[in-house]
Every structure is written in C-alpha cells, then in structure tokens.
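> Residues per chain, in single letters:
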Amino acid sequence: MKSAQQIASEVRSGVTTAIGELTTSLRAIRERNDELHVFLYVDEEGAIEAAARIDERVGRGDDVGPLAGVPIALKDNLCQTGIPTTCSSRILEGWRPPYSATVIDRLMAAGAVPVGKTNLDEFAMGSSTENSAFGPTRNPLDPSRVPGGSSGGSAAAVAADMTPIALGSDTGGSIRQPAALCGLVGMKPTYGLVSRYGLIAFASSLDQIGPFAKNVTDAALLLEAIAGHDPMDSTSLPEPSPSLVAHVNDGVAGQRIALVRELVEGADDDVVASVYRAVETLRDAGATIVELSIPELHLGLSAYYLIAPAEASSNLARYDGVRYGLRVDADDVAAMNEATRTAGFGDEVKRRIIVGTYALSAGYYDAYYGQALKVRTQMIAAFKRAYQQADLLIGATTPSVAFTFGSKTKDPMAMYLNDVFTIPTNLAGEAAVSVPFGTGEAELPIGVQLLGPGRSEARLFAAARVLEIAEGRS
Amino acid sequence: MTSPLRREDVAHVAKLARLSLTEAELDLFTEQCGKVLEHAADMNSLNLDGVVATAHPFGLINVVRDDEVRPSLDRDTVLAMAPDAEDGRFAVPRIMGEAP
Amino acid sequence: MKLPNGWEMVVGLEVHTELKTASKMFCGCANSFGSEPNTNTCPVCLGLPGSLPVLNERAVEFAMAIGAALHSTISPSTFHRKNYFYPDMPKDFQISQYDLPINSGGYLDLPDGSRVSIERAHLEEDTGKSTHLGGSGRIHGADRSLVDYNRSGVPLVEIVSGPDIRSSDQARAYASELRGILIATGASDGRMEEGSMRIDANVSVRKANAPFGTRCEIKNLNSLRSLGRAIDHEALRQVEVIEDGGVIRQETRHWDENLGETSTMRTKEEAEDYRYFREPDLVDLAPDQAWQDRVRASLPPMPAERRRTLADRLTDPTEAQLDAVEVVIDLGLEPWVHSALDRGADITLALARAANELAAGIDGLVNLTLDAFTQTLLMEQRGELSATQAKTVLGELLASGGDPAAIAAAKGFEQLSSDSLGATVAKLIEQHPDEWARFRDGDEKLAQFFIGLVMKSTKGQANGKAVIAELHARR
Ligand SMILES: [Mg+2]
Ligand SMILES: [Zn+2]
Chain A
1 MKSAQQIASE VRSGVTTAIG ELTTSLRAIR ERNDELHVFL YVDEEGAIEA
51 AARIDERVGR GDDVGPLAGV PIALKDNLCQ TGIPTTCSSR ILEGWRPPYS
101 ATVIDRLMAA GAVPVGKTNL DEFAMGSSTE NSAFGPTRNP LDPSRVPGGS
151 SGGSAAAVAA DMTPIALGSD TGGSIRQPAA LCGLVGMKPT YGLVSRYGLI
201 AFASSLDQIG PFAKNVTDAA LLLEAIAGHD PMDSTSLPEP SPSLVAHVND
251 GVAGQRIALV RELVEGADDD VVASVYRAVE TLRDAGATIV ELSIPELHLG
301 LSAYYLIAPA EASSNLARYD GVRYGLRVDA DDVAAMNEAT RTAGFGDEVK
351 RRIIVGTYAL SAGYYDAYYG QALKVRTQMI AAFKRAYQQA DLLIGATTPS
401 VAFTFGSKTK DPMAMYLNDV FTIPTNLAGE AAVSVPFGTG EAELPIGVQL
451 LGPGRSEARL FAAARVLEIA EGRS
Chain B
1 MTSPLRREDV AHVAKLARLS LTEAELDLFT EQCGKVLEHA ADMNSLNLDG
51 VVATAHPFGL INVVRDDEVR PSLDRDTVLA MAPDAEDGRF AVPRIMGEAP
Chain C
1 MKLPNGWEMV VGLEVHTELK TASKMFCGCA NSFGSEPNTN TCPVCLGLPG
51 SLPVLNERAV EFAMAIGAAL HSTISPSTFH RKNYFYPDMP KDFQISQYDL
101 PINSGGYLDL PDGSRVSIER AHLEEDTGKS THLGGSGRIH GADRSLVDYN
151 RSGVPLVEIV SGPDIRSSDQ ARAYASELRG ILIATGASDG RMEEGSMRID
201 ANVSVRKANA PFGTRCEIKN LNSLRSLGRA IDHEALRQVE VIEDGGVIRQ
251 ETRHWDENLG ETSTMRTKEE AEDYRYFREP DLVDLAPDQA WQDRVRASLP
301 PMPAERRRTL ADRLTDPTEA QLDAVEVVID LGLEPWVHSA LDRGADITLA
351 LARAANELAA GIDGLVNLTL DAFTQTLLME QRGELSATQA KTVLGELLAS
401 GGDPAAIAAA KGFEQLSSDS LGATVAKLIE QHPDEWARFR DGDEKLAQFF
451 IGLVMKSTKG QANGKAVIAE LHARR
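Residue numbers (the numbering used here), protein chains in the order written: chain A, 1 to 474; chain B, 1 to 100; chain C, 1 to 475.
Simulated from the structure, these hints should not be mistaken for lab results. Check each hint, because a few of them may be wrong.
Cut-off 27 Å, straight-line C-alpha distance, at most; resulting in silico cross-link-like pairs (DSSO-like, lysine-lysine) [claimed, not checked]:
1) C/Lys82 / C/Lys129
2) B/Lys15 / A/Lys410
3) C/Lys391 / C/Lys459
4) B/Lys15 / B/Lys35
5) C/Lys82 / B/Lys15
6) C/Lys219 / B/Lys15
7) C/Lys129 / C/Lys207
8) B/Lys35 / A/Lys410
9) C/Lys411 / C/Lys445
10) C/Lys20 / C/Lys2
11) B/Lys15 / C/Lys465
12) C/Lys456 / C/Lys445
13) C/Lys411 / C/Lys456
14) B/Lys35 / A/Lys408
15) C/Lys207 / C/Lys219
16) C/Lys459 / C/Lys445
17) C/Lys465 / C/Lys427
18) C/Lys219 / C/Lys445
19) C/Lys82 / C/Lys219
20) C/Lys391 / B/Lys15
21) C/Lys2 / C/Lys129
Just a sample of chain B residues kept apart from chain A, beta carbon distances all over 12 Å, derived [said to hold, decoys possible]:
22) Glu23
23) Val69
24) Asp87
Here are the simulated distance ranges between beta carbons [stated by the list, open to error]:
25) B/Asp49 / A/Ser243: 56 to 66 Å
26) B/Arg7 / A/Glu280: 51 to 61 Å
27) B/Ala53 / A/Glu265: 55 to 65 Å
In this text, a Cβ means the ideal position worked out from N, Cα and C, and glycines have one as well.
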C-alpha cells in the first residue's frame, strides 16, 4: 500500500483521487475484516462523501491539507458525530455521539478521510484486544496471535493495509505495544500535546491520542495534523503543533542515548538482542551511547495499576442507564443503575472499577492511591535525572513478540506485566515511540522503544527514522 | 501495612460502584484484585514521607475560558439518546432517597 | 425562641449560592433560570463520554469577590471529584473543591454587632433537577422521576460558617446579611424562592460553656422563614431527646415545611464514601496577586458600610427609621434616598416612601429616575401633593416613568394648592360651628374630625399635615 505521504501528494497534484484511494482501502477492509475483526463500524457512506468533497476541492484548486484523501481508521473510543461509538462495550452499544472529538475535526480539516471505527479492549483496558465485548481482533501478521492492545484494531487496520494510518490512544502502552506486535511505528505523545476532547476517558491523567503508521514520516505527518492547543481541553499544552515531518531526517549525530537496564530486564532474548542491535545502529549513526539504571521504573506497574483504575472508577460512573446507552430496567433508579452496569460492563472493566473504587475508598486512600501518586512524583524525578545524562532513552517496547489467544487471559497480572516497559512514560506524561526493529520468534516483528522528555517528539522520530532506514525501510 | 483484600471488601466496593456480583464472581474478583493489590505492596516498603503527590504530569495553572454563551445541543438530539424520555426530560424509575 | 433549662443551641450554616455568570461553570451553555427543560445542555454538562470541563473565568472572579467581601484568604486551590450516584448528576460525580478551597477563613459582622466566622467559601458545580411523578408528587411515593439538566453545571459557591450562631434569629440575620453581600458583589441574585440561594444548617445543643454536642445537618432550607423554624424545631427536638435520657445520633435530616418538623434522611452509618480525589481534567487554580487586586478594587461597598452611611444621616433614629434603613439597604434603594436627602427631602419621608412604595414596586425601579423620586417627595413636602397623591404619582412613575409634575397635572392633583385648601377649610368651619368652637378651646381630637371632612370633600386628595396647618392658622 502507498504511504499516507504519497497518497496526499498524489491527491493534491491530481495524479490520483481521494475516491480512488478510498476504494482501495474499502476493498482491503471487505477482503479481510471478517477474518481479522478490525473494524466495528465502517462508515462507507460518510467516507465516500468526504472523499468526493476532497476531489471536488482539488478540482477547484483549493489546498486540501497535508492528509488530502488519506483514508484513516479511528479507535472506537473517539467520538464522531452520528457514528456509532462503543468503546467495545455493551454499555454504549448503539450510542451515536452528537459531537466529534477535536482530533477528528482536525483530521477532516487536514483532508483525511475517516473510514470507520476499530476494535479495542473494552474502554481501552487490556493489552490484547481480547477484552472487546464484540470479540477479539486477530493479528494480520499471524491470525493465531493477538495484535496487542488496547488499540489492537487500529494497529491491525494499518498492518493489514486497510488504511495507511490510524489513531489509537495510549494510557499505559496501548499504542506502542500493539505497534510493536504488528510491526508498526506507534507514538505516545507528550501529555497535553494532543487534545483529549472527545476521547472517551479511561484514565484522564494518563490518556493520550497518538498515531499508527507503517513508517516514521507518516506517523509524524499524522501527529502534526492533530497536535496543538485546544481550548476545549484544560490540560492541553498552550502551544501550536510542533514541526515534526521537517525533522524526521535530522539523524542522531551528537545525541546522547541511554540504554536503560530496567527497560530490557525480563524481556525475551530475541527482544533484548534487537534492542542491543538498535543501540549499535544508533552509535554507528553518530549517537553517544551510555548505559543507565533507573530503579524507580520497577514501581511503575504498581503505581499505574492503582492510579489508572482509580480514575477509571470515577470516569466510568456515568454509564448508569439514565442518559444514553444501555438501560436494564429495574424497580428504582439505584437498582436500574446496578442492573445496567452489571450487564453492560465486561469482567476486566469490573475488576478495574473494583480495584479503583477500593484504592480511593475511606481508609485505603493513603495506603494505595495516595502512595501511588507519590511514586509518580518519584518516577518523574527519576526521568528528570536520566535526562540530565541523556537526550533519549532506549529499551524494549514489550517483553515478547505477539502472543497467542488466551495465553494471558486467565491471570490479569500476567497480562498487566506486558505493559511494564511502556507504563513509566504515561506516569511521567512524557513521549515515547515504538519502531519495528528486527524479528523474533516465528518471524514476528519486535518493537524497540525510544523514550524522551516532554516535547521531544521531533527528536524521537528522527532517532526512530535512523533505525527504520537501517532496516531497509525508507 | 496492606491487608489482603477480603471478600467483604469486594462486596462493599462493588455496592459502592453499583455492580452486583454473583458468589462465584465475588470469589474470583477477590483473588484477582487481591493479586493487583499485593503487587502494589512493593510501594509500601518505600519511605515516601514528605514526597508530594503528583496528580498531574505537567504544571499548568489557571486555565480558564471567557464567560461566553455558546450554542447548546438541540433538545431532540439530546433526548433521542435517552433510554426513556418524557415531557422534554429524561425519565427514570423512582428515586428512593434524596441526594446526599 | 429561647431553649429551656439553660440549654443553648450551636449552629453553623452552609450556604450554596448560584453565581450570576452568563454561561455555566465548565461549558458555554446559558446559565439561565426558567428555560424549557434540557434546552441548555451540551456534551460537557450532560457528562457525555469524552467531554471535558473548562473553567469559567467569571465564576472564579465571583468566588474571589465573595471571599474578599468575607475577609477570607484567597489561596491556590484545586478541584476534586466527589463521587456518588444520583440521577440528577450527569457524571455521577460532582466537581467541587475539597482540601484546598479558593477562600479560607474570614468572618461576617452582623448588624447587631455579633461576628460569625467563615471557615471556607469554595467553588463547585450545581446538579440537574428532578420532578417526581405519581404518588404525592414528592420524592417518596413517586413512581418515576423526570430529569432536567439545565441547572447541571451552573456555578456555585458554598460558604461554610463556623459553629458560632446561637439563635435562630442570629441565623436569619446571618443569612440575610450574607445575601446582601452576595447581591452587592454581583455574584448572585440571592433569590431563595428560585433556589439560587439554598441553606443547610448544622444544629447541636449544649449546656452553656459545655463542649459541643452531636450535630445534625438539616438539608435544603429554601427561605429565611424555614431556616428559623427548622433550627428552632431541631434544637428543641434535641433538648427533648437528651432530657428524656436519649442520645443524639449524627445524621442528615429533612425539613418538612408543611408539617413544621425535621425527620431522618440518613444516619452517619449510611453516610456515603465520596472517594474524593483530584479532578484530573482540570489544572490548579492559583490567582496571582494582580488578579486578586483587580477583583478587590472592583468591589462595591458592602451592606454594612452602606447601612452606616445612611444611618449617619439620622439624628436620634427611631425604631421605625432603622427598620426602613434595613429594607432600603437590603433592596439597594439607597441611591434614591441619598438623592432626595441631598436636595432637602425629609429623611423620615424619604425612608418611608423608599421602604414602602419603592420596595413594593421594586420591579419598576428601572423606570424611576433619582430626580423623579426627589421631585415627588419635595412636592409632597410642600403640600402640593397629599400623601395619597404622592403614592399614586410614585406608582405611576414605577409603572411607566415620566415627570412627576406632569403626572400630577394629568390626574388633576394641582387643585390642591393651598388657596383651594384654605377655602375648603373655611367653608367647613362655617358649616360646623360647634365642633370648631371645641377645637378652639383645645380639644385636639377635633382636628381629626375636620381632616376627615376635608378628605371627604376633596375625595382624599388633601394633605393631612396641610389641613392641620390650616386649622391651626385659623384657631
Ligand atoms: Mg457542597
Ligand atoms: Zn453545557
């Protein structure tokens, strides 16, 4: 499939049409969606309308934007006016939002053509997309394995050449982990870089929307189009979208890059080998390599699995059967709330609501939630110290390549351990990118993770691009 | 300092969160959620006295908007989402007590 | 009311006031009372998935103004989520301030000279409103409820007093003075009947100087009358329970205005666990000194100061005059009174006309210029208008404005010049020689007899004082 950059440039110059590119995308979806279960909803009609409008504007000589005619898949936790938005939950089944997320408005303004909504772990809680109420998504590279999660559908859409780019959300690794498992570039931007308005909240202080693409340039192109201050989000950084595409070829010469011991610890040998090979590649490209230990990273998982559920327990209270979504009737309103929530939420969501409610409840707050917030402070301080010694950090994205269905569903803790390398970035509100580098077991892709301080997206993409070029993907 | 999660804790918390659990679910969730809390116990060995809590990753302050009226949603659109509506309002089964 | 047997009540009040912003606290929907249900709603105030709050600057400034007027310390503050399920609360949590409120400490001085301390005055959002159908139309016994979210997300300031109040009269005086302050700052219209000011009362009883007793909270008192009655009733109930050998349980109680009694709503054991935590969708609020100074500088004079300024113009004030001053300050009528006094109007007359006629026609105040009010009073004082006529002219001015002299002329009031009054009095003296003789001999009661006759013959348009002056002139 063509890259997003190529499609946009061809549509703008009239070499191809948005309708033509959309047709290719819709055909790919039709061919494999039943098998892979990537899209929960395909908005053919809306997409055709949007593509036709772009072609018409190109015909008039209008500048239709940097993503002109590029089909894009959207994780189904992004609100889009009139389009079913479920978060892969029964509780929202059939709900059509009366408004669109800021990122979707920006995509449309940039000329992109949203084709539909992709599967995810219910309310983005999971690392395999097995927690979807509507059934799991399969990894296009090996349908017997998971695509990762929670943005598994968006990752699979790009990996299966259904769309060249997709949006996901990353609360503890939900973009980077599926990107790694599907052989894609995926970025978790700095907290506040991308507006969360219209992103259905899982854990508000950790959630960020970010891009999936087959290559670094497309990821940068997409992020550039959606980033920048939004007055509808109080936590949005007060600055315009950074210039990213212009810097993807800046290289790493003179950069200090630190290999972090805790970010490879416990990973499979093939994964560790890939990280070491990436380190050598960056050294060859002119980076100074150091080795660091950041012991605080060990605490990330503990803090995260209290903070995220605590926020989620409150964010998910509104699904009560009163205003929208599912209602299960009962005699009085409290019983109706309970019947609705009991029927509407899946087990993983219930588990997190229970842990989160417990961590916030009287008598336990200080020991759990309060303590986790202090650990978060320490995590931020630890990263700050690390960034005095290095410009970027490097490690693995996931401990292993894509795993098979059911292998981690019995024990939630085993599933959570998948996020051990990605979680610290969310706690610190910083940026990180996963880039495919080498393959492991069964020729499956391995993701190498580059981490940077807040607002380091341009530097991260440039370093990721060095690795991508070394792999022969230009 | 962390007491292992008890079955009655899970039952109490589920009630607070408006979830009803079967006996089997109570057992399963007590075990599974207990593991998460046990894992979190590694934080309790730390002395974090005097460490400030971080609820926000970045220190923005005073983010406000002008006091300007913007268009509201159309009421028909709003009520079309409702599981039950009557007389321009959202309808719910009887409410058993006043707000706390 | 005084409690029996040396008991003393201890009361603290929590006053919720809606702020008079144009838009809601966290979204752009109109903050207006009385719109069609659910017409002022959007993704934010309906708590739709994905929506996010953004704080209204004006709400912050009103909160700071209230704090400044209550001598509070304005501090860096945060927002928390107060989690509980209730259908009128669209997110099933309320955004409120918790351990770090925008205003802490302070005090309010009451007209009787007592001082009530202020613990805090914090920002929070209002909930929607439910209507109960079936049964009696009240919450109990209803078979279903309908919810309107127009009020959801309207900004509130909750003002919490210290436990310094010792009587229902003092509680009412506090609420009334606070209401005056809220109106003066422009933060609130103070309309209790519309629910824009609502009061919860914490009541306990003790023997003088003993430690505080267990308190009960009475929710949602929506008038000063309910406030006073509820506190008295609750304090007496507690005394009776204790004197009968019982103990007071800490609980939330409901005041029934019709039955005139409180009843248990919820005991402490059933108290909610609100699981407060920092609202991650909002950032901290830390008004810098310059912002605080701007708000302070734009504060108008508060009722106490205005009351002093007006009372200073009274020499040897009577009870009736002080009562009138209260009304004038409460309703913000003193510009009219000051204007009339500055141009020579009698202070008793000015206070009376303001506290009675202007107060009764308060909605028409926009039509009444300071000059028209002054003119009317001066005409009355000169005897050109009787009291009844002056009231009629004021009524006309409040209804549709205009010039008092022209209104008097149009109504034919000018016939009451002193000439025609003199002629009328002379004729009546002639017709009633016996009564006139007795009046001349010092029977002052007969003045009333002649006033009555004059009023009858002028159809009530004469000025009573002018008639007495005329009688005395002829004695
Ligand atoms: Mg409150
Ligand atoms: Zn609104």
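> Give me the numbers of the hints this structure contradicts, sorted from smallest to largest.
Failing hints, ascending: 7, 9, 10, 11, 18, 20, 21, 25 and 27.
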